[in-house]
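Asker: Listed here are the chains, written in short residue letters.
There are 2 protein chains.
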Amino acid sequence: MNFTVSKTELNNALQTVSHAVSQNSPQAPLRGIKIEAKDGILILTGSDSDISIRKELRNDPEKPVLNIIEDGAALIETKYLLDIVRKIDSEEIRIEIIDGTLTKLSGNHAEFKINGMKPENYPNIDFSKPNKEFVLNQGLFKEIIAQTNFATSQKEAKPVLTGVNFIIRDGKLECTATDSYRLAKKVLPYSSEIECNITIPSRTLNEINSIILTDETKDISIYLNDRKVLFITDDILFQSKLLDGVYPDTNNLIPREFTRVLKISRHDLISAIDRTTFIKNDNMTVDRLECSQDELVLTNRNQEIGESREVLIGEFTGEPLDISFSGPYLMSAAKALRGNEVLIQFTGEMRPFILADPNDDSIMQLVLPVRTYN
Amino acid sequence: MNFTVSKTELNNALQTVSHAVSQNSPQAPLRGIKIEAKDGILILTGSDSDISIRKELRNDPEKPVLNIIEDGAALIETKYLLDIVRKIDSEEIRIEIIDGTLTKLSGNHAEFKINGMKPENYPNIDFSKPNKEFVLNQGLFKEIIAQTNFATSQKEAKPVLTGVNFIIRDGKLECTATDSYRLAKKVLPYSSEIECNITIPSRTLNEINSIILTDETKDISIYLNDRKVLFITDDILFQSKLLDGVYPDTNNLIPREFTRVLKISRHDLISAIDRTTFIKNDNMTVDRLECSQDELVLTNRNQEIGESREVLIGEFTGEPLDISFSGPYLMSAAKALRGNEVLIQFTGEMRPFILADPNDDSIMQLVLPVRTYN
Numbered sequence: 194m195n196f197t198v199s200k201t202e203l204n205n206a207l208q209t210v211s212h213a214v215s216q217n218s219p220q221a222p223l224r225g226i227k228i229e230a231k232d233g234i235l236i237l238t239g240s241d242s243d244i245s246i247r248k249e250l251r252n253d254p255e256k257p258v259l260n261i262i263e264d265g266a267a268l269i270e271t272k273y274l275l276d277i278v279r280k281i282d283s284e285e286i287r288i289e290i291i292d293g294t295l296t297k298l299s300g301n302h303a304e305f306k307i308n309g310m311k312p313e314n315y316p317n318i319d320f321s322k323p324n325k326e327f328v329l330n331q332g333l334f335k336e337i338i339a340q341t342n343f344a345t346s347q348k349e350a351k352p353v354l355t356g357v358n359f360i361i362r363d364g365k366l367e368c369t370a371t372d373s374y375r376l377a378k379k380v381l382p383y384s385s386e387i388e389c390n391i392t393i394p395s396r397t398l399n400e401i402n403s404i405i406l407t408d409e410t411k412d413i414s415i416y417l418n419d420r421k422v423l424f425i426t427d428d429i430l431f432q433s434k435l436l437d438g439v440y441p442d443t444n445n446l447i448p449r450e451f452t453r454v455l456k457i458s459r460h461d462l463i464s465a466i467d468r469t470t471f472i473k474n475d476n477m478t479v480d481r482l483e484c485s486q487d488e489l490v491l492t493n494r495n496q497e498i499g500e501s502r503e504v505l506i507g508e509f510t511g512e513p514l515d516i517s518f519s520g521p522y523l524m525s526a527a528k529a530l531r532g533n534e535v536l537i538q539f540t541g542e543m544r545p546f547i548l549a550d551p552n553d554d555s556i557m558q559l560v561l562p563v564r565t566y567n
Numbered sequence: 194m195n196f197t198v199s200k201t202e203l204n205n206a207l208q209t210v211s212h213a214v215s216q217n218s219p220q221a222p223l224r225g226i227k228i229e230a231k232d233g234i235l236i237l238t239g240s241d242s243d244i245s246i247r248k249e250l251r252n253d254p255e256k257p258v259l260n261i262i263e264d265g266a267a268l269i270e271t272k273y274l275l276d277i278v279r280k281i282d283s284e285e286i287r288i289e290i291i292d293g294t295l296t297k298l299s300g301n302h303a304e305f306k307i308n309g310m311k312p313e314n315y316p317n318i319d320f321s322k323p324n325k326e327f328v329l330n331q332g333l334f335k336e337i338i339a340q341t342n343f344a345t346s347q348k349e350a351k352p353v354l355t356g357v358n359f360i361i362r363d364g365k366l367e368c369t370a371t372d373s374y375r376l377a378k379k380v381l382p383y384s385s386e387i388e389c390n391i392t393i394p395s396r397t398l399n400e401i402n403s404i405i406l407t408d409e410t411k412d413i414s415i416y417l418n419d420r421k422v423l424f425i426t427d428d429i430l431f432q433s434k435l436l437d438g439v440y441p442d443t444n445n446l447i448p449r450e451f452t453r454v455l456k457i458s459r460h461d462l463i464s465a466i467d468r469t470t471f472i473k474n475d476n477m478t479v480d481r482l483e484c485s486q487d488e489l490v491l492t493n494r495n496q497e498i499g500e501s502r503e504v505l506i507g508e509f510t511g512e513p514l515d516i517s518f519s520g521p522y523l524m525s526a527a528k529a530l531r532g533n534e535v536l537i538q539f540t541g542e543m544r545p546f547i548l549a550d551p552n553d554d555s556i557m558q559l560v561l562p563v564r565t566y567n
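The listed protein sequences derive, respectively, from chains P and F. Residue numbers 194 to 567, in my numbering, belong to the letters of the first sequence in order. Residue numbers 194 to 567, in my numbering, belong to the letters of the second sequence in order.
Don't read these hints as lab results, they were simulated from the structure. Among the hints, a few may not be true.
A pair holds if it fits inside one copy or across any two, identical chains being indistinguishable in the list.
Simulated crosslink set (DSS-like; lysine-lysine; CA at most 30 Å straight-line) [what the hints assert, rightly or not]: (1) 473 - 280; (2) 528 - 280; (3) 473 - 297; (4) 272 - 528; (5) 456 - 280; (6) 411 - 421; (7) 528 - 306; (8) 335 - 297; (9) 306 - 365.
The whole structure should be built from the sequences, with the hints applied where relevant.
Answerer: Shown next as structure tokens:
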């Protein structure tokens with residue numbers, strides 16, 4: 194193997210595939226990034242066996258970024274590869290195998306010889322396209338992730354809740370995340386030839402989110418079967434295992450009729466809750482909201498530390514209400530909405546309540562109240 | 194106690210005094226910041242018993258920032274105080290004691306009641322001025338810290354080496370830091386009525402450095418005796434214990450005559466060494482520099498990982514030299530110099546060598562070579 198490549202392009206490509214690498218993997222080959230030069234294409238692969246990323250660099254006659262002199266393959270520990278390529282002070286980097294797995298990287302006056310691993314020990318990763326496909330705008334896909342992924346469960350007790358459920362059916366795309374104490378749901382009109390019901394791990398969504406750009410003009414293709422999902426965009430193939438198990442049907446948990454509604458500035462609500470979070474009870478911040486048509490009061494209290502009390506400005510309609518909830522949960526729900534105002538819709542003091550955007554009915558955030566013993 | 198104060202001024206003052214607070218102090222009162230309103234002045238105090246900081250806020254008739262309605266004192270846990278004051282959404286904050294140690298902070302529509310501690314349990318800190326005084330320009334003082342403090346020892350085995358030694362004598366100010374493997378020395382002409390020889394803890398210098406501004410027009414007054422140093426600037430009193438013990442005389446360790454000199458771009462040297470640091474032997478990065486009038490070669494080698502080799506561009510005079518040293522030590526010495534070029538002055542392969550700034554003879558960095566068994 195022997196090629197020269199643009200430092201910038203190689204560096205970006207390595208950053209991309211390194212998102213899949215677990216540098217402390219018990220399987221030594223997976224600590225590395227595999228580099229293949231073949232048929233005029235440079236292929237970089239990183240994987241932790243749950244997530245695998247493949248990025249291709251091609252020579253562009255308009256903008257020469259790659260010149261393969263001899264085909265071949267190398268497997269090099271990720272941390273050394275990233276560190277060296279980042280620090281080489283040259284627009285062009287040459288990479289060549291000089292003896293067995295000993296690989297030389299050079300640029301400007303500096304050269305680095307790294308003892309690589311045998312590329313044939315790298316697992317054979319099947320990047321073939323599953324037969325179901327749907328397409329999303331990249332900006333929209335990032336927005337779905339931002340509005341739902343935070344609400345997934347961190348606990349492994351119910352593994353299927355550690356991901357976001359995507360359902361395509363009846364002309365709609367429905368994306369749901371819940372940890373049993375809150376729920377985020379994004380529903381969009383979506384006409385498609387396929388139906389699907391898959392649950393994508395939260396970590397997969399975080400990683401794909403950090404790789405793709407907020408580009409409103411670009412689409413991402415999503416291929417899937419029962420076991421895996423493959424995202425394709427910009428010469429990047431990103432695939433992930435799906436979560437096993439049946440995702441619970443959450444639609445009947447969501448109240449549809451409300452007895453009280455509070456309309457409030459989203460920014461003011463977030464700031465007010467943020468101010469109460471210095472008080473923690475058993476490491477939780479439980480806020481209490483007392484609403485009447487005269488006054489809206491947000492309080493938090495702890496025997497040892499003290500208390501906070503803030504009068505909120507908003508429009509409340511309905512019978513007076515006294516409800517307690519996790520401050521951070523309400524805050525992240527409000528942060529996941531857009532627009533200046535938020536509608537908080539209640540049915541009762543011990544019933545789940547909903548945060549909605551008055552100008553966007555595609556997104557809904559549900560929060561369960563917390564029972565208190567004040 | 195009852196007063197109103199500008200949020201910005203109070204927040205800045207709390208940030209300043211919190212530098213002295215250790216929030217996990219075994220002495221509960223020291224986890225707090227003491228607030229005293231007295232004679233039209235607001236006094237904030239923080240301390241971990243090694244370092245103590247006192248900041249005064251006064252009412253300025255031109256710019257009213259403080260209005261004391263009733264004198265008094267409070268002692269409030271630092272983390273709550275910082276968090277609340279930072280988050281209060283109001284230009285003016287009112288602080289008043291409402292019952293015993295229960296203290297109310299309020300601004301805009303929000304109020305917070307905090308269970309404080311008894312201010313009379315706070316240790317009585319003597320901020321009186323020791324009788325020796327000298328004065329430094331703030332910008333110069335920050336530069337002294339930047340150029341020496343990194344070279345102090347991290348090990349408690351020789352406590353006196355964990356600080357920077359300041360000597361005023363014979364019309365000079367001499368500032369020295371060493372961990373026995375490297376040494377940084379700044380010597381400035383300084384005419385003073387006093388003589389002194391004190392060692393200021395490294396942490397003290399880091400904290401005072403983060404509090405004072407790089408203001409070339411302002412001075413800092415430094416008062417000292419055998420036990421403590423007191424810095425005064427801008428209504429801030431910052432005092433610290435000094436390190437006990439006699440600081441070693443390092444002047445006879447510093448070579449004065451050199452057999453070889455390398456003149457090289459400081460930036461290129463730092464970058465080249467940085468590129469070699471991906472290789473670590475026993476968690477140290479040992480670089481080898483081979484100099485002759487024909488070629489300057491920087492290498493680093495590790496059986497398992499691989500090797501780096503870089504040709505440096507510079508002017509070398511003297512007999513050929515083959516010397517090994519800690520890469521990070523040379524790099525931080527070079528970073529602590531200024532100017533585009535650095536002179537590296539050698540006497541022999543196993544003798545300490547010196548990094549100097551060709552345009553500033555006030556600063557000197559010494560590095561010991563490392564014996565290698567390649």
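Asker: Now, for every hint given, state plainly whether the structure supports it.
Answerer: Against the structure, the hints:
1. Only between protomers do residue 473 and residue 280 lie at most 30 Å apart by alpha-carbon distance; the minimum there is 16 Å, versus 45 Å within a single protomer.
2. For the identical chains of this complex, residue 528 and residue 280 are inter-copy neighbours only, at 17 Å across copies versus 38 Å inside a copy, given an alpha-carbon limit of 30 Å.
3. In this assembly of identical chains, residue 473 and residue 297 lie within 30 Å of each other by CA distance solely across copies; the values are 18 Å between and 55 Å within a copy.
4. Taking the shortest alpha-carbon separations for residue 272 and residue 528, only the inter-copy value of 25 Å comes in at or below 30 Å, while the best intra-copy value is 35 Å.
5. Proximity of residue 456 to residue 280 under the C-alpha cut-off of 30 Å is restricted to the inter-copy arrangement: shortest distance 23 Å between copies versus 53 Å within a copy.
6. Taking identical chains as interchangeable, the C-alpha atoms of residue 411 and residue 421 lie at most 30 Å apart only when both belong to the same chain, with a minimum of 23 Å there against 65 Å between chains.
7. For the homomeric pair residue 528 and residue 306, the shortest alpha-carbon distance between copies (27 Å) is at most 30 Å, but the shortest distance inside one copy (48 Å) is not.
8. In this assembly of identical chains, residue 335 and residue 297 lie within 30 Å of each other by CA distance neither inside one copy nor across copies; the values are 38 Å within and 43 Å between.
9. For the identical chains of this complex, residue 306 and residue 365 are neighbours neither inside a copy (54 Å) nor across copies (50 Å), given an alpha-carbon limit of 30 Å.
The structure does not agree with the numbered hints 8 and 9 stated previously, though it agrees with the rest.
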